Each structure stands twice: as structure tokens, then as C-alpha cells.
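Novice: Residues per chain are reported as follows:
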Amino acid sequence: MLNKIWFSSVAFIALLSASINVVASDDVNVYSYRQPFLVKPLFDEFTKETGIKVNVVFAKKGMAERLDREGEYSPADILLTTDISRLIELKDKGLLQAATSAELATAIPTQFKASDDTWYALTTRVRNIYSAKRLGKIDFNYEDLADKKWQGKICTRSGKHPYNVALVASMIAEHGEADTLTWLEKVKANLARKPQGSDRAQVQAIHQKLCDVSLGNSYYFGNMLNDDKQKVWADAVYINFPNQSNRGAHVNISGMAMAKHAPNKANALALMNFLVSEPAQKMYAETNMEYPVRPGVKPSKLVATWGEFKADDLSLEVIAKHRKTALILLDKAQFDL
Amino acid sequence: MTPVVVMLFGSLNASSDLFSHLWATVLPEYIRNTLLLGILVAALSFCFGVPAAAIISQTNIVMGKQLRWLLMLPLAMPAYLVAYLYTDLFDYAGPVQRSLRAWFDWQSPNDYYFFDIRTIGGAAVVIALVLFPYVYMLTRTAFEQQDRNLLRASRLLGCTERQSFYKIALPLARPAIAVALALVVMETLADFATVQYFAVNTLTTAIYDTWLGYSDFAAANALASVLMLFILFAVVAEQRARAGQRHQSSRPNSNQALKQLSLGQQIIASIFCWSLVFAGFLLPVILLLSMAFEYADYAQLLTLLDTGENSIEIATYSATIATLIALVLGLFQRLHQSKARTLPVQISGFGYAIPGTVLAMAMLATFGPLDHAINDFAKMLGFSAPGLILSGTVFAIIFAFVVRFSAIANGTISAGIGQIPKSLDFAPASLGVKTLPAIFRVHLPLLKSSILVAWLLVFVEAMKELPAVLLLRPFNFETLSTQIYQLISDERLEQGALGAILIVLFGLLPIIFLNRQKDNK
Amino acid sequence: MKPLINIENLAVELQAKLILSDVSLSLGKGEILGLVGPSGCGKTTLLNTLAGFIEQSSGSIEISSGEQVKKITLDTMLPAEQRNIGMIFQDYALFPHLSVSENICFGLKNIAKAEQSARCEELLSLLELSELSARYPHELSGGQQQRVAIARALAPQPSLLLLDEPFSNIDARLRHELMIEIRQLLKRLGMTAIFVTHNKDEVFTFADKIAVMNQGKVLQVGEPAQVCQQPNSWQVADFLQLGCWLPVTLLNETENLKVTSLIGQTTGDTLITAVGDNTTVENHTDSALNLQLLVKPNDLELSEQAENNVIIEHISVTQQGYHYLLSSIEQNNALAFKQLSFYSQNLYVLGTELAIKLSGQHFLLYPTGPIIKANN
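Protein chains in written order, with the numbering used here: chain A, 1 to 337; chain B, 1001 to 1521; chain C, 2001 to 2376.
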């Protein structure tokens, strides 16, 4: 028994030291909100080009707290996020540092980066309105979702999901709090079912005629079309870019930032430069059917077939600013209940 | 224990503004849902587990020997996995309703009635299907250990078999049932991923909302504390209710004559037991197998085995440490009788009720500063900083697991210790053997099976546990559960089916072992 | 008078093993029967079969309750709860989750509430439990628990009370007193009872009738005095510890039955053969027959003429003087014996050799007995 205990303790310490050694100094460490399979091909390419190894931890919840608690000893160099509010949250907590390079400066248009260079967008995605093909082509505004004619015909995922919160925040920026709350209440009244599932599940529901209209990010359309099983779902809907006759469709970003206490700053900058390079941008956009932020880089052929669209040029920082209010309004409208 | 305290302290900074907002909008509904879900799951687990335990322990049901362990199998299924499979299966767009529509040529949801799986009721049924084995196992053991003379006495005093069951056997099994239900409720309330699939908003939702949405970690802590108070209250109330009663079992009910079921009863009992096994285990496994068959390939299996190794490693260490701690605490408590010492053990048991992610945050809050101190100290001495050796390594994960699952280990071990006659504490001393050697030579050998059971239960739970690993893991560290989670979160469970099957297989180990043990006795 | 309980040719088979066979007993109203026998003899099984916990494989049980007679055979089984039989278990089997009064009222659910509490009150005071009525079983002493068990069993007014080793958990000093107390109570209530014990002293204190069992059979039933005087088999005598066993051999004299042992001979007029007539024994004069004489301590006396034939192996002090266990000096003989009891007022030293002889007037001779192995 005692022998076993000793053996276990020794093995345990060995395991601990092994897991520390993983983080060597010529690597670059990434905390990612994005799933590894989306970014891994990019990192592999980067390692092939530069010889710098990329270590990744993926988590959706609590990344900011972890970074905060780790403070100056944090091993994190780069943060990858899927939503503007995360970037702003990290920035507000003082967990980011400005990163500049000629490459970054030229590659990313000003509306897609922080004014103080603490974060950069990598891709954009549109919050589309999907509608059943059986209804024919329709020009949507987000505001239309409150229309009584859609009663019992709208499907959406949880209102609290960051993508929906950002959309509500943009509505607040446009219409103010009171009108947005009314809009939310009316949309809620139009829902075919309680908010649930993912963006794809809503398209599936349209395909199954449970509802006619849903909210969803643009790239899911591409992903579904590329999936044998889900293609029938996507084939049942049109992807609509809302508010084309006025302010434009709501756009969110996926982005990157350098951690305040990044231990491998040079490598981190190299990775950032790589991620905004044309080939990487092309690759990144292709893997997940998103729109590259670097001007001149074309989206994938499939994405391009959905046509040109007008994006809302509302500042991303404004959207992030209204996030909390958006949550409060969602609670008030009891959107998810 | 420490993380619980850290959590409680953390909640002191909670802002009252946010609370009043939540209170005015969604919180009452969340609380109602939480209570409803807790009660429903408890009630359903009771309705599934207790009759199953009674049937298996007291009747001559056909294939009783097989059902005995088959009924434990659902424990091997991670709840989030079953939740995903079932919501997918019974959803409007799911295969069941699709085929029904195709079959009957229904066009829209208005054409027919089908239960909505994404409701509190649906969630409660599915969660209960996975968790009822706790109730089944503990109650069955309680029934089997009851003094058969008590039932005989009741028969002679004019009660029929059925009346005796309700008036004697069931009340006597109450402590076991209560403990099992407490475990079930704790696991239910702490589980966010599962209820999320059902679009059911509970207090746990509120915890995540306040923390991630409103970025108010203190308020999240406060809500988590409220959640724990709920459970504490329920447990204490139950204990109070049976104060004064003591249940000692003197004559295990070993060769009790089994009730002979009539054909009708036999059929009903069999249908009941087999549907539990089917719904809780077979159906999900079949679904997973068919997915794995369709999507898996050899290369994927290799990666899975790799990550499986990580899973096994952390599960092994967590199980070993949790068991050792439970053992030390249990024996210490036994050999130094005092009320005050039981308190820390009880409180640390509530770690099970803390949502995994919140616990992970508490871990960071506990070890973060410690790591800083270590690094600062190292720098002061002129060494290079060792890095985050506590919060940045698997240490944190294992520690979190130990905190979270110590309730299971403590329960099993202390039950085992309780069965050792008190006289054995003193006998070695009378033979001139000191306390410590006595523990090694007397208590540990006697506790062998309890130790193994505790170890295996923690091991399986650690294999399944997700949120804490997700947040605390070091770079490039994947476990089976994180891998499956990533795929599920991208709605690609098909590709994770193989991994899910591996988790289930590992979950089967303790069940097979527990069963073998029983047979050996 | 019609017997209250009549058992005929009862047999019980469990897992293809015959546990009870050919058991016949009957008991009048108000009688107390003590069922004794070595452990494993089937007495508890008999009790459980009467109670209805075990099904008989053949035979019948008749219980009269009031005017009604319930006949229980293989075809007309009656579940335990319909037999109107009360039982007191060895460990009392009090319901740990119920208080004293709830335990007592447990079997009273079929009568009106008011009557229930009246009956309960009555039993509480009868058994001096009134002050303990709100307590739980684990808060009571062993004796108190037993009184609760009795009150609980009596509450539904059973026609027959079964007691399974009821005194085994009671302090030896209190046991006798308690037995008398309970016997008086049962007599006062006119209760018919069967109780099981492996302690012969309990039978003599508690029972009106005794039944000795061995290996699933009832060997002898009768009043205690009668059974003591004429045990019908060596097992009965042995179990009741009526005396010691002295191996003897038959002297082949045609006229008179005569046996001889290492400590002398005795002739036919003092001999009572427990089995059959003399001829039976005579026909088996060969050595295969293991003849044993039942010798009571006062059947022995010191002999002055003869040479020493026994040696003192053990000495203990009793109220009847010194008690010696003697063994034959000659041990390589087929008639060698060990542990013959002998009382004397004189004190001898351990290992002293004595000469003793048979002096009693009545000896019981058994054709077989416990095999006493010669000392090697």
C-alpha cells in the first residue's frame, strides 16, 4: 500500500513537470475561443513556414478570468475570439497590449481594429435572416421580425448567445433602448418555439416546416451546404442580407489580440502578421466560410455566390458598449423564457 | 473545502444593482425552474430507482441476475451526451417526429400532438434516466441489508406483503434514498450543459449570465452560493425529519425467500426494468454505435486513444487522491470521535453541488495568488520564475476534481468505515499494536472493497466531467470529454461518437467490478 | 378438549434438503410448549413454518381461533398475516423508525382509533412501559425492548404466540426473574405459546410441555418431569443433560439381563432399556452395539474394597459439594470412559485415583449413544 502511494506521488510529480515543459520559450501560446479544428490548419502552416510551434487551449467560458488570475505569469501570447464583445471585455480588463507592425497596419482597415491597436479583426460574419424557399425571395429588415405576420413563424437560438446579444446591441445603437425592448417583445411573441439549439438547428426547423424565418450567421449556410446530411436543410432556405435598403446588415467579427504579459512577444507578432497575410486570410475565410477582413482577399467561391451586400458600418466598439444594456433588455423581455 | 470558502467570500462583493435587475426580470422564473427541475428529477429518480430496487431485491423477476447490473449501466452515460442524443432524437426536426410525419402525412406541428422534449419535464425525464442508478443502487443495498425479521414481524401483525413494504421496508430505506436523491439533485443543479440542450433556464443559467454576460463574477459567486444553500437546506431538513430514529441492521437479508410474481406482474415488472435499461443505456449506445459506424475511421481511433490516455491519467490521479483524502478523513473522524470534526467533511461534500465552471473559477482564484507568491519568491531568490505550477497545470484540474467528487468518495468510504465494528478499533491496542499499524493491518484490509468502489466511482465521474477540464487545462491538453464537447458544440457529435463510446466503456468498468464484488460475497 | 393447535406429519424441504420430517404435535389452549434441541435441529424452521414464513412440503397445521378452525395444508396455504399468530423474535425485530407506542399499535390497524389507543394504553401499563411510549427502540435497554416486543405481539390478540429464543439476549441474572414474570403474564392472559430455546433450564422454568427435536424430527413430547424420568432416546437424555454416559457391555446370561462396565456390573432388575425389550439388546451382544448406561451423579459411590479404577481430571465447586470429572484409569479398553460426574463433600487433589462403583437402583440403558473415543 505504502509503496503504491510512493509510486503514485512520484508519477504525479513527473506528470506535473511534463505538463510544464510543454510550454517552451520558442513557442507561441494561444488561448482560443475558436474550436481548434478551425484554426489548426492555419497554425500548422505557420509552423511550417517559421518553425515556431503553436500551443493552443480552447475554452469558451472563463478564459478572461483565467488570464486575469494568471497575471504577469500567464503563458498566453495570443487570444483568438469569435465575438467583438469578448475582445472589448479583455481590453477593458487591461489584459491586452497594443501590437503594431507594418503588415498589420496595411492589412486591416481601421474599422476592423482597435483605435489603440490592442485588437484586430480577422474575419467578419453577417447575422443573416434565413427564410423558407417556399415563401419566395423576401427583402428583410431586422425590424420586420417584429411584424405580426410572422407570428408563430420565427425560430432562433438563445437570445443570450453572443451573436444575438451583439445584434440587439446594434438595434439599441440604431433605435434606442425603449424601442429595442418593444422590438424584442414583439419578436418574442412571434417565436414558433422557445429559443433553443444552434443557428443550424433553426434552419433545420425551417426545412421541417416548424417555422419560416430564422436568425443565423452567414458561415453556417456554407457549412451546411458542404455537409452531406445538412445540405437538404440549407437547400430549403434563402440566405437574406437584411437592411440592404438602409443601414446594412449587422456584422460581427472574429479577432485576435496580444496578451498584456505575452512572454513570447516576437513570436506572437509573427503569428499575428501571418494571420493577416493574404494566404492565411484566404485560408481562414475558406475553412469557415467567413469574409476575410483584408481588402483584396476574396471570400470562397461558395460564399461569393451569395452576392455582394451592404454591411452596417456601425463601430464595433459601440456594439460592445451596448452589450450589457442588450442583456438587460433581453432579461426584461424574458426572451428565453 | 477552500474553494467553497473562496467562493463564499467572492460573493460578498456582489453588486446589488444587478441582483435587483435579475430579481425584477428573470430570477423568479429561474428559481422556479430550478426548484421544479430539482423536484421533478428527484421524484422521477425515485419513481425509477426505488421500484427497480424493490423488484430486483425482492422478487423472482426473469433475468434478475442480469438486470441487477444492467440497471446500473446508465450511470456510465455522461448526462450531456444523453441530453444531446435525446433532444436530437425527439426534437420536431428529429428522426422520430420526421418519420411520424412521413408515415401519417402530417404537415405541421398543428396536425398532431407530440411531447416537447425541450421542456422542464423533458429535461427531468432524461436527467433522471441517467441519474436514477444512484437511487437504485443505494436503495437496493438498503433493501438487501434490512433485517428480514422486521418484515416478518410486520406480516404477523397483519400486514400483507405490500403493506409491509410500504410501512416497513420503504421507511427503513429512507436514509439511503435520501442520500441518493441528494446526490442526484446536486448533480442536476450543477449541470449546465445538460439543461442547456433542453432550453431550460435555471439558476445555473443565471450564474453563467451574470458571470459571462454581465461580467460580474461576484454576483455569479453569490448565485452559486444561493444554489448551494438550496441543497444544504434540503439535506438538513431531511436529516432533521428523521432525527431520533436510528437504523441498525443486525441480520442481512441474505437468503430471503423471493416474492414469486404472477405472470402479469412478471410482465409488468420486466417491461418496467427493461425500458429503464433501454432508455437509459441501450438506446443512447445504439445511437452512438450507429454514428461511430458511419463516421469513424482508424486514424481517428488513434488520436482518440491518445486523448484517452490523458483522460485516464487525470481520472486516475483524481480518484487516487480523493480516495486517500476520504480515507484519512474518515478514519481520523472514526478514531477521534467528535462532532466538530464531522463538519468540514460534510461541507466539503457540497463541492459536488458547485457547477464545474464556477468551481474552476474558484480554483483559479485560490491558486492564482499562490502561484504569484511562488514566482515572486523564486525571483527574489534570483531563480527564473517557474511559471504557473499550480493553476497552469493538470494540478489544478486534479484538485478541482478532488473537490468536486470528494462527496462521492467520502460517502462510500464512511459507509464502509461504519460497517467495521467499533470493537475492532480497540482490539489491536489490546494486542499491543499501535494505532497507525493497526489501521494498516485491520481497517484498510477490511475497507478494501469500499476503497475500490470509491476509487472507481470518482474515476468514472472524472472521465465524464467537462467544464472544469475545459477551463483549467494546460496547452494542447485534450481529454475525451473536451474533444466530444468541441464536436458537440459544433453539432458534429457523429465524429465524436467513437470517443463517447470510449467514455461509456470506461464508465462500465466500475459497474462490472461492483457487480463482480457482489457475486463474490 | 379440542387442541388449539394440531400439527400432523409436517415436513419441510428447503433447496432439496429435508429440514423437518414427520413432525406431529398438539397443544391445548393456554399451554406453553418449549421446543428444544441442538442448533440446526430444525426448531426455528418449525416456528417459521407455523408462522407462515416457510411453506411446508407436506402435512397439515390446524389452528383454532375462537370458533373457527384454520387448516393449513399444501393446498390451503394461508399467508402469515392471516394466521392470527404472534411472534417474538430473538432480536425482537422492533421497527427502528417507529416509537414504542407506534410499534405496539402497528398490528391494530383494523380496529377503531379509540379502541386502538385504549388497547395500547392497557399493554403499556401491563408491561410497565407507559413512561417509554414516545421513545425509539434504540433508546431502550434489552429488557425494555423485549417488553415492547411482547406488547406488540400481544396487541392484536393472537391465538398463538411464538417465541424464538426470547431470553437469549437478556442478562443472565435477570433472565430467571423475567421468565417467571412473562410466564405469569401469559398464564393470566390464557395465551397459548410455543417457544424455542437451546437452553434446557429455560424449558423447565417456562414450559408446561416440552418437545425435544433432533435432525428435523420430534423425538419426544411430554411434561418436563415425565420426559426427564423416561427419556425415550439417548439424544433426549443427552440434550437434557440428565446424566453421564458409561459404556457397558452385555454379559451373555440367558436368565437375566446383565451388563458390566469398568466400574462394576448391574443386573436386569435395575435396568430399564429405553428401546424395545430385553431381547432386542440380547440379540445384539456383539461389539457393534455401542451400549451406554445413563449414570446420574448420585448413582455412583466410593468403594472401599475394590482397587482404584478412576482418576480425577477436573474439580469444580458447587452447592452440592465438590464436583469431580472422572476418567477410567484403564484407557485402552473398549469400555474406557471420560468425564463421569461425581459429587462428594470430600476434597481430593487433582490426579487422585479413586475406586468407585455403581450404586443406583434405576439405570437407563441405551443401545447407542454418543461415541466416546478412546484416548490414544
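I should point out that these hints are in silico values taken from the structure, not numbers from a laboratory.
These numbers were taken from a predicted model, which means no experiment stands behind them.
Be aware that a few hints might be false.
Below, in silico cross-link-like pairs of lysine to any residue (SDA-like), each with a Cα-Cα straight-line distance of 25 Å or less [stated by the list, open to error]:
(1) A/61 <-> B/1494
(2) A/260 <-> B/1116
(3) C/2071 <-> C/2191
(4) C/2113 <-> B/1372
(5) A/188 <-> B/1029
(6) A/91 <-> B/1105
(7) C/2109 <-> B/1165
(8) B/1167 <-> C/2322
(9) A/186 <-> B/1162
(10) A/260 <-> B/1113
(11) A/260 <-> B/1167
(12) A/194 <-> A/162
(13) A/332 <-> B/1218
(14) A/209 <-> B/1165
(15) A/229 <-> B/1089
(16) C/2258 <-> C/2217
(17) C/2070 <-> B/1162
(18) A/61 <-> B/1160
(19) A/61 <-> B/1027
(20) A/153 <-> B/1105
(21) C/2109 <-> B/1386
(22) A/194 <-> B/1096
Novice: Please go over all the hints and tell whether each is borne out by the structure.
Specialist: For each hint, the structure was consulted:
no., hint, in the structure
1, A/61 <-> B/1494, "24 Å, holds"
2, A/260 <-> B/1116, "48 Å, violated"
3, C/2071 <-> C/2191, "20 Å, holds"
4, C/2113 <-> B/1372, "72 Å, violated"
5, A/188 <-> B/1029, "16 Å, holds"
6, A/91 <-> B/1105, "55 Å, violated"
7, C/2109 <-> B/1165, "16 Å, holds"
8, B/1167 <-> C/2322, "57 Å, violated"
9, A/186 <-> B/1162, "56 Å, violated"
10, A/260 <-> B/1113, "56 Å, violated"
11, A/260 <-> B/1167, "67 Å, violated"
12, A/194 <-> A/162, "17 Å, holds"
13, A/332 <-> B/1218, "22 Å, holds"
14, A/209 <-> B/1165, "51 Å, violated"
15, A/229 <-> B/1089, "15 Å, holds"
16, C/2258 <-> C/2217, "32 Å, violated"
17, C/2070 <-> B/1162, "23 Å, holds"
18, A/61 <-> B/1160, "56 Å, violated"
19, A/61 <-> B/1027, "21 Å, holds"
20, A/153 <-> B/1105, "21 Å, holds"
21, C/2109 <-> B/1386, "75 Å, violated"
22, A/194 <-> B/1096, "20 Å, holds"
Checked against the numbered hints above, the structure violates hints 2, 4, 6, 8, 9, 10, 11, 14, 16, 18, 21; every other hint is satisfied.
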